[in-house]
Amino acid sequence: MSTFTQILYQIVFGSKDYNHFLSSENENTLYAYIAGVLKNKNCHSYIVGGCSNHIHIISHIHPILAPAYVIKDIKKASHKMMNESNLFHRFSGWQVGYGLFTYHFSSKESLIRYVVNQNEHHRNISYKDELISLFKEHSIEYIEEYLLT
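Quick note on numbering: the numbering used here labels position 72 of the sequence shown as 184, and the sequence is numbered without any gaps.
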């Protein structure tokens, strides 16, 4: 039998020190680049988006790949691209960690809307509070002082 999976992931990570580096002039370049990295790894990105200092990726990850290595490769490749580009002047690097959450496939459309509406969402909630909410929703223990490192 071949391997068949249907795991929907939400990947969240931000910039080092909460650095606001995304703008309407550069965000689509980054999102498309990350989607390309995923495509080259035979992963399907449903949406890549974010807000000023962090990104969200809704994706399926190919079953032979470990999510941690995929995320490492996304961060490494996008960091290099942003450093070589003249569009990301305020980018100083990615935070060390990330959040990785799984969902039932029926959540796909609501997750896509959530990512599309990040700018509106963050008028009322900080990135840190968003992470805490996601960790609580998924019963993930965390140490608050390490959330943004």
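For the record, the hints were derived by calculation from the structure and aren't laboratory data. From the three backbone atoms N, C-alpha and C, an ideal C-beta is built for every residue, glycine too. A few of these clues could be false.
Within a straight-line C-alpha distance of at most 27 Å, the following computed DSSO-like cross-link-like pairs (lysine-lysine) qualify [as the list claims (entries may be wrong)]:
1. K128 / K188
2. K240 / K187
3. K151 / K184
4. K248 / K187
5. K151 / K187
6. K184 / K220
7. K188 / K151
8. K220 / K187
9. K153 / K188
10. K248 / K128
11. K240 / K192
12. K192 / K128
13. K153 / K192
14. K248 / K192
15. K248 / K220
16. K240 / K128
17. K248 / K151
18. K128 / K153
19. K220 / K240
20. K128 / K187
21. K128 / K151
22. K192 / K151
23. K153 / K184
24. K187 / K153
25. K240 / K184
26. K248 / K184
27. K153 / K220
28. K240 / K188
Listed next, with one range per pair, are the computed distances between beta-carbon atoms [stated by the list, open to error]:
29. N131 / S245: 17 to 23 Å
30. N152 / I255: 32 to 38 Å
31. S114 / E249: 15 to 21 Å
32. S204 / S136: 17 to 23 Å
33. N229 / H132: 14 to 20 Å
Going down the list of hints, with the structure as the test:
no.	hint	in the structure
1	K128 / K188	holds, 14 Å
2	K240 / K187	holds, 19 Å
3	K151 / K184	holds, 15 Å
4	K248 / K187	holds, 25 Å
5	K151 / K187	holds, 15 Å
6	K184 / K220	holds, 23 Å
7	K188 / K151	holds, 16 Å
8	K220 / K187	holds, 23 Å
9	K153 / K188	holds, 14 Å
10	K248 / K128	holds, 23 Å
11	K240 / K192	holds, 25 Å
12	K192 / K128	holds, 15 Å
13	K153 / K192	holds, 18 Å
14	K248 / K192	violated, 33 Å
15	K248 / K220	holds, 20 Å
16	K240 / K128	holds, 13 Å
17	K248 / K151	violated, 31 Å
18	K128 / K153	holds, 25 Å
19	K220 / K240	holds, 23 Å
20	K128 / K187	holds, 12 Å
21	K128 / K151	holds, 26 Å
22	K192 / K151	holds, 18 Å
23	K153 / K184	holds, 12 Å
24	K187 / K153	holds, 14 Å
25	K240 / K184	holds, 21 Å
26	K248 / K184	holds, 24 Å
27	K153 / K220	holds, 20 Å
28	K240 / K188	holds, 23 Å
29	N131 / S245: 17 to 23 Å	holds, 22 Å
30	N152 / I255: 32 to 38 Å	holds, 34 Å
31	S114 / E249: 15 to 21 Å	violated, 33 Å
32	S204 / S136: 17 to 23 Å	holds, 20 Å
33	N229 / H132: 14 to 20 Å	holds, 18 Å
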